[in-house]
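J.: Next come the chains, spelled out residue by residue.
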Amino acid sequence: MLAESIAAPVIEAEPCADWAARMRRVELSIIVPVAERHDDLEGIYRDFSQAIEEHTRSFEFIFALDGKFRRLYGDLKRLKEEDDRIRILSFNSIFGESALLSVAFRKARGSYLFTLPAYRQVEPYEFSQLYEALKGGADLVVAARHPRRDPLPNRIQAAVFNRVAAGATGVRFHDIACGVRGLSHRTAEEINLYGDMHRFLPALAVRQGLRVREVTVNQDGRDTGCRVYGIGIYVRRLLDLLTLFFLLKFTRKPLRFFGFAGSAILAAGAAISLYLGVIRLIFGEPISNRPLLLLGVLLITIGLQIVFLGLIGELITFTHARDMNDYHIDEILE
Amino acid sequence: MGNIGSSGDNQVDLSIVIPVYNEEESVCALHSAILSAVVPLSLRFEIIFVDDGSSDSTYDRLKQIKHSDPHIKVIRLRRNAGQTPAMRAGFDAARAPIIISMDGDLQNDPRDIPKLLAKIDEGYDLVCGWRVNRQDKLISRKIPSRIANRLIAQVTGVYIRDNGCSLKAYRAEMIKQLKLYSDMHRFIPAVSTLAGARIAEVAVSHHARQFGKSKYGISRTIKVIFDLMAIKMLIGFSSRPIVYFSLASLLVWALALLNIGIFSYEYLSKDVQSGFMIPAGVVLVLIGSACFTLLLGLIAESVASMGGFKQRDILLYRWEE
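Taken in sequence, the protein lines are chains R and P.
All residue numbers for the first sequence refer to our numbering, where the first residue is 1 and numbers rise by one.
All residue numbers for the second sequence refer to our numbering, where the first residue is 1 and numbers rise by one.
Next up, chain R with everything else stripped away, as it sits in the complex (with noise of 0.2 Å):
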């Protein structure tokens, strides 16, 4: 397995792709990654390369593999030779889905793209609804399936993680695990994925002033597998919203988090110590029988450590603060 992924070939590796891909548009390019599970996807590019050409001929589909599908590969590599609008992204080694799709961004042509899960999610007439909504000047379009045909556990699941993302990013979304998205070809230039990023895609969107639009769908008549997974992914998922909590709100200013946390924790064990110097010294009693003790003196130097990290990332901040950019111009009258 690990023999095949490292001879997989990478397609378009020479920098100045990037510039041709600008020069050669079309109207539309569809990206598919591929990163766990994947159904028929011949299937699925027939049904919506139909669905799409009602609309468009001009479009693009990109499968974008990552470093494990070796004889998915050669299928469509087959697929291509019938159909010169395909592209073939693939990654030497395992990288994921946030770094397909930015890599994928990258290499579209189109002025509009679009994103579809490897597998069944959405009917693919429900592609028009998409088009003209992502078309009526929306810079990101992300399709909500409802009402939900998939059984109770996954609804469940769903309703749960929606919920909890909501929390998390401020930004109340009804189907954020829909990989069904439409944007235009600015906003890929403009958005930054990484790591488990892509997942949340709406949210990072909204946040950085995009206009947003979600557009209710029909859910996949095939889309009906229960899906119970192991409890990695559940805590991985918890893991990522952490991080997004953090980077939406503190990224810029990781003192105000750590140096809030961490001087809550001090003062908690600036007041036991207190209390028990008080103790000692006015009432006389012996102390050094208390645990108390050992907590106070332990809860003073974790809320110590704690501003100090938080220091750390403010030095980090700082010293990054030329490659960050906290604007996104609009627009600019000369």
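To be clear, the hints were calculated from the coordinates, so they are not data collected in a lab.
Please note: incorrect hints may appear among the correct ones.
[Claimed, not checked] Cross-link-like lysine to aspartate or glutamate pairs, in silico, EDC-like; alpha carbons within 20 Å at most:
hint: 1; chain 1: P; residue 1: K176; chain 2: R; residue 2: D323
hint: 2; chain 1: P; residue 1: K66; chain 2: R; residue 2: D323
hint: 3; chain 1: P; residue 1: K137; chain 2: P; residue 2: D162
Given the structure of chain R, go ahead and fit chain P onto it with the hints provided.
T.: Chain P in isolation, oriented as in the chain R frame:
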């Protein structure tokens, strides 16, 4: 004019940067006030309005003004980014060697601009306005601001009486290199000392707010305290962070030793019945924490050196031939 590393082919001598957020009533009056103050100076100037994602008709008003006056440049941000990012957007776009920033709410008086410019001509890199007769509410604005200014002066060692006044003049080389972010505009004087800026203060007039509401609240106090702490550290750290961390570590070591002393004294003298486990635990926690602090200091050091403080980029210097 004592320019530092002057860039020759600038088409303007003065850029005036004004971040505005929901100031539809003020912008027209402000524009004419600026014109009547600056035109007599016979300088080539530009006025940069940064519309910080206003939700009212500010942008349309600015467009209208723009049609009537070629000096104006309007930058519209996609969303409300905050005062510091909006100011940075203006600074990044400014072309002149001297930049002036001011509020968009008519509380600053453009007639003070020549005073600031005169100070810049004297060779200062940053000239701060100082609102002598401040026309704001006493309890909610003036007193907190006075306390904050004291505190900022004490902590940073940069004695400026009015950090909150937006009317300031800068040498472009300096302010462009500082790369302000988040809520740093309050600490511009303190941060600019990092670059070795020479700072002057000028008394300016201040008017009561005529239109709209103040966009400040009193709730920011905690944020300001932590921001101040960060700035203090950045100023101190610009040389060697490990010095500060090892000082802190030393302090904790001293505390641990003190505890060892106290506990062994009490243990030996036996005048107080005492246990052994808990004092030992306390000392161990302190020692552990002291070592940890030192390690954090090493990380800070590597961040500061490797992450590129790029000090040489921000140092201001004079070059005469």
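J.: Against each hint, give a clear statement of whether it holds in the structure.
T.: Status of the hints after comparison with the structure:
{"no.": "1", "hint": "K176/P <-> D323/R", "in the structure": "holds (13 Å)"}
{"no.": "2", "hint": "K66/P <-> D323/R", "in the structure": "violated (31 Å)"}
{"no.": "3", "hint": "K137/P <-> D162/P", "in the structure": "holds (16 Å)"}
Of the numbered hints given earlier, the model fails hint 2 alone.
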